[in-house]
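As a plain string of letters, each chain reads:
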Amino acid sequence: MSLINTTQPVIAVRNLKKSFGAFTAVNDISFCVDKGVCFGILGPNGAGKTSTIRMIYGFSPITAGDISVFGLDIKTKARIIKARIGVCQQDNTLDPDLTVMQNFEVFARYFDIDKKTAHERALSLLKYFALEQRQNARATELSGGMVRRLVIARALINQPELLILDEPTTGLDPQSRHQLWEKLESLKAQGITILLTTHYMDEAARLCDQIVIMDQGKILAQGSPQSLISEYTGSNIIEVIEPEDDLRAFSRAKGVRQEDLGHRLIIYAENGHELYREICNRFTHKSCILRSATLEDVFLRLTGRELRE
Amino acid sequence: MNVNISIRFIRIWQRNLTVYRENWKINFLPPLLEPLFYLVAFGIGFSGLIGNITYASRETSYVRFIAPALVAINIMNSSFFENTFSSFVRMYYQKTFDAMMATPLNAEEIITGEIFWGATKAAIGTTIMLTVISFFGLVSYPSGILIILAAFLGGIAFGSVGMLFTSVVKTIELFNLPIFLLVTPMFLFSGTFFPLTNLPLWAQYFALTLPLTHLVNLVRALSFGLFNLELLISLCYLIVFCLIMFPLALFKMRRRLIK
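Sequences listed follow chains A and B, in order. Position one of the first sequence corresponds to residue 0 (numbering that gives the first Met the number 0), numbered consecutively onward. Position one of the second sequence corresponds to residue 0 (numbering that gives the first Met the number 0), numbered consecutively onward.
Excised from the complex, chain A in its bound form (with noise of 0.2 Å):
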């Protein structure tokens, strides 16, 4: 244990701050990423997620605060950082001029690799990636799950000890979703470090050991996924439909948490069974369901159910 508390977080964040003109879309956000560690940042659109993570791999400026990956200060050591790191961005970023092949060994030359390595880590890592047969096709010809797949192999031709990924499956069919998800597994094993963003709960609470949940540019909660559900909503989810006022009265009298939608009445509980049968038993109403509470529970309770954009 002291062993690890003694390694040097592989990225620190203190009191971040990102303002575009009067708008502020980090504000003093801090947390640290371990080595070997899955980290998510999950948050809806616009709560700052992509603007956190451009300024942790050198791509934006940082209007306040630190960051500093492997112990090196981004301010003046981007490039040396940059050089140890993959990063796979929400657009895609395939070069649509070269094929798949070329992709890699023009991007390797970004990072001063020989040719002959980067052939040759590039086969493997189509390989890898099962796109070992599209090696000569153009980046233009492939589908959308082939892309994505496509530029995260062609991020780790520099063999990085740190994979920032943002929104690495939105858009994919669930085939797409889970062939990457174990794909990043397996570099987890490796030992990669993963820095990833989300809006997925189930993405989050399957590859994540930690995660922060962030709105409007602030941190809301930090915690393994586990340990964020058993905080915010207990273990259990019951579900009304078209809850009767006497069991409104009632679960209130009861003193557990619980969000009323109109339609719809959540009660959080810990181990709900006992409750779940008594209000079965007791009140008529159209459904009721007792469920596991998920991440997804966690979010919405943290960030509200309100639109966003």
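All the given hints hold, so there is nothing to weed out.
Computed Cβ-Cβ distance ranges for the label pairs, DEER-style:
#1 B:Ile9 / A:Glu140: 25 to 33 Å
#2 A:Gly20 / B:Ile4: 23 to 31 Å
#3 B:Leu16 / A:Ser18: 34 to 42 Å
#4 B:Phe27 / A:Glu140: 20 to 28 Å
#5 B:Thr126 / A:Cys31: 50 to 58 Å
#6 B:Ser133 / A:Asn135: 32 to 40 Å
#7 A:Lys74 / B:Ala55: 51 to 59 Å
#8 A:Glu184 / B:Thr130: 55 to 63 Å
#9 B:Phe193 / A:Gly170: 54 to 62 Å
#10 B:Ile9 / A:Arg290: 52 to 60 Å
#11 A:Lys74 / B:Phe193: 50 to 58 Å
Just so you know, these hints were derived from the structure itself, not from any lab. For every residue, glycine included, the Cβ atom is placed at its ideal position computed from N, Cα and C.
Following the hints, complete the assembly by docking chain B onto the known chain A.
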């Protein structure tokens, strides 16, 4: 401004060269065919109406007079279009610069690499054009070889101007404005198709402020093998022009790229 440009800008240049080589057959065609079209149109169709004209107090054929201007126009078009439409597509639609900025490359190197590539493309086109027009005996050597260097210098000049527009336009259609207001008037009024002395005096002075006038002067003097004062003045003008426009393009474009 804290400028941080390393030799790594060559990586961006190499990226563009790789793409250029992929399509070299298409890329070689315009500089190969365009001078032929012009020479047929002006040499056979037009010069009968004009006969010989006087350049640098000597009689010369009209075709020999306009051939270097065609080279200069091609340098302007090639680099200006490369650093407007092509750079804009790479920046805005293809996100090529975004990908580069997540590697050890920085914004200044990307912009420098793009402008140097535009100049290189102009120099390649010039080499092809020179080869073609040399078959018609329209270029004096060895001074004609220096036109390739002039092409690179002119390419930096016009590429920087193009990049300056790329740093400000919101949509790609807006490039039509500088083309209509700058490129086309220069194409016609920079001593390209007729000697500047045919214009009224005020227009002659105005033409002397235009960069294409000086590129035409430079290329024409070299193609006639005349190392005169006019050549020196035009060379100095173009160097100063680059020294102003290149940092300006770098500064404005950096503000667009870094968010």
